[in-house]
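Asker: Sequence:
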Amino acid sequence: MTHHLILSYNLYKKMDVYRPHHATDEEMMLFHSPEYIDFMRRVTPDTQQDFAKQLQRFNGEDCPVFDGLYDYCRIYTGGSIDGAMKLNHGIADVAINWAGGLHHAKRSEASGFCYVNDIVLGILELLKYHPRVLYLDIDIHHGDGVEEAFCTTDRVMTVSFHKYGDYFFPGTGDVKDVGVKAGKYYSLNVPLKDGMNDESYQRIFVPVMQKVMEIYQPTALVLQCGSDSLSGDRLGCFNLSVRGHAECVRRMLTYCLPTLILGGGGYTIRNVARCWTYETAVVLGEELENELPYNDYIAYYGPDFALHFATSATMENQNTRQYLETIKQQVLENLRLLQAAPGVPMEQMPDMLEPQPDVKAEDAADQKGVRTGPEHPAEHYDDTNWRANRIGGRRAG
147 MTHHLILSYN LYKKMDVYRP HHATDEEMML FHSPEYIDFM RRVTPDTQQD FAKQLQRFNG
207 EDCPVFDGLY DYCRIYTGGS IDGAMKLNHG IADVAINWAG GLHHAKRSEA SGFCYVNDIV
267 LGILELLKYH PRVLYLDIDI HHGDGVEEAF CTTDRVMTVS FHKYGDYFFP GTGDVKDVGV
327 KAGKYYSLNV PLKDGMNDES YQRIFVPVMQ KVMEIYQPTA LVLQCGSDSL SGDRLGCFNL
387 SVRGHAECVR RMLTYCLPTL ILGGGGYTIR NVARCWTYET AVVLGEELEN ELPYNDYIAY
447 YGPDFALHFA TSATMENQNT RQYLETIKQQ VLENLRLLQA APGVPMEQMP DMLEPQPDVK
507 AEDAADQKGV RTGPEHPAEH YDDTNWRANR IGGRRAG
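Following my numbering, the numbering of the sequence shown begins with 147 at its first residue and continues without gaps.
Calculated from the structure, these hints are not laboratory results. Even for Gly, the Cβ is constructed at its ideal location relative to N, Cα and C. Warning: the hint list may mix true and false statements.
Claimed, not checked - Keeping only pairs whose Cα atoms sit at most 27 Å apart, straight-line, the calculated DSSO-like set for lysine-lysine is:
1) 160 to 199
2) 330 to 357
3) 322 to 474
4) 327 to 474
5) 322 to 357
6) 327 to 252
7) 274 to 252
8) 274 to 357
9) 330 to 274
10) 330 to 474
11) 330 to 252
12) 357 to 199
13) 252 to 160
14) 274 to 327
15) 199 to 252
What the hints assert, rightly or not - Distance windows between CB atoms, simulated:
16) 456 to 180: 48 to 58 Å
17) 192 to 353: 47 to 57 Å
18) 150 to 361: 37 to 47 Å
19) 274 to 440: 36 to 46 Å
Hey, can you work out the whole structure from these sequences and the hints?
Answerer: Following this line, the structure appears as structure tokens:
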């Protein structure tokens, strides 16, 4: 639905749209364990009864096995890796992969509908060129998988604004969780309560992120835009509007860093599409009409058929001014305990990666006519010069 809405607003004419490569096992195993990736490759709905022990070990109850699971993981993960490559080589200043942002997946465990952690793999790619990467998560759920992956290093700072308490999934992300060892105080958590609205969100978001940018001075940004923090989400309990959610994106773009923008959670699908379409327009500097243009899924947006929707007038905002001020001071105190932005001795830049065998096979199939062109003029196009040239984003320069 997001893809079709972006097409119907003609936003694709303002950006380059690429088909991602399928991430290889070797790429995914830069973070995930070989045993876990092997399990993901072999398990199917028809064979899962043969993997009872592995299912218990690797796969949470909230992560069902479905047809095409492995290829699905390879595609969205490849998109995030390719986006990071685009940024590393200066081919784009912003890269977008709305299919990515699966922030709960652990090294050897699926969690929270997340199977392969494309965010971690994208950040690892950025670290080849960037001494400091900032990860910002505005999903309603704590970005636990990404924080856990980088909690011992100062080269990645993770910042998560999320609902915390009342046994809300995943149950982590207290303000006191700050990282360990060399990464102590480089994990920043902003725990929030039910009913968070636009005004309250910006009241804490703005001062915290200003101080993060001032102290950490990142050289690249990864932004997870989970839209389950919107009002009316089936699994969420915040009261943000599309404009309020997008204001976080708008503010971070003003820092003019190489930026990888990813999707994430969102369980009222029509609002997910509204939000990510609007945020695509924010990235492009485009204004959109509130009346939705006709598209294949227009019936799902009734009865108003509008881009923006009203937030709840009756939901109580439990985030009082006193509570937000207390949390803000705790977070700012954690930031004050940081040393100056860490410097990293950079090694020689890696050569452009050569296509892997499976990517060469895909290109050969396209050239033979198996896939001779896009199904829609705006769907995607291939750049066969080198594999990194495959992701949606705004061109540099």
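Asker: CA of residue 330 to CA of residue 474, is that 27 Å or under?
Answerer: holds (18 Å)
Asker: Does the Cβ pair residue 274, residue 440 satisfy 36 to 46 Å?
Answerer: holds (44 Å)
Asker: Given the hinted pair residue 322 and residue 474, is their alpha-carbon gap at most 27 Å?
Answerer: holds (12 Å)
Asker: Taken at face value, is the distance from the CA of residue 357 to the CA of residue 322 at most 27 Å?
Answerer: Holds - the C-alpha atoms of residue 357 and residue 322 are around 18 Å apart, at most 27 Å.
Asker: Is it true that the CA of residue 330 sits at most 27 Å from the CA of residue 274?
Answerer: holds (22 Å)
Asker: Is the hinted pair residue 274 and residue 327 satisfied, with a Cα-Cα distance of at most 27 Å?
Answerer: Holds, because 22 Å separates the two Cα atoms, which is no more than 27 Å.
Asker: Between the alpha carbons of residue 160 and residue 199, is the straight-line distance 27 Å or under?
Answerer: Violated - the C-alpha atoms of residue 199 and residue 160 are around 49 Å apart, more than 27 Å.
Asker: Hey, residue 274 versus residue 357, does the alpha-carbon distance stay inside 27 Å?
Answerer: holds (26 Å)
Asker: Could you say whether the range 47 to 57 Å given as a hint is met by the Cβ separation of residue 192 and residue 353?
Answerer: holds (53 Å)
Asker: Checking one constraint from the list: CA of residue 330 to CA of residue 357, max 27 Å. Satisfied?
Answerer: holds (17 Å)
Asker: Decide if the proposed pair is consistent with the structure: residue 252 and residue 160, CA atoms, cutoff 27 Å inclusive.
Answerer: Roughly 36 Å between the alpha carbons, so the hint for residue 252 and residue 160 is violated.
Asker: Does residue 274 pair with residue 252 here, judged by a C-alpha cut-off of 27 Å?
Answerer: holds (22 Å)
The structure shown violates the earlier hints numbered 1, 12 and 13.
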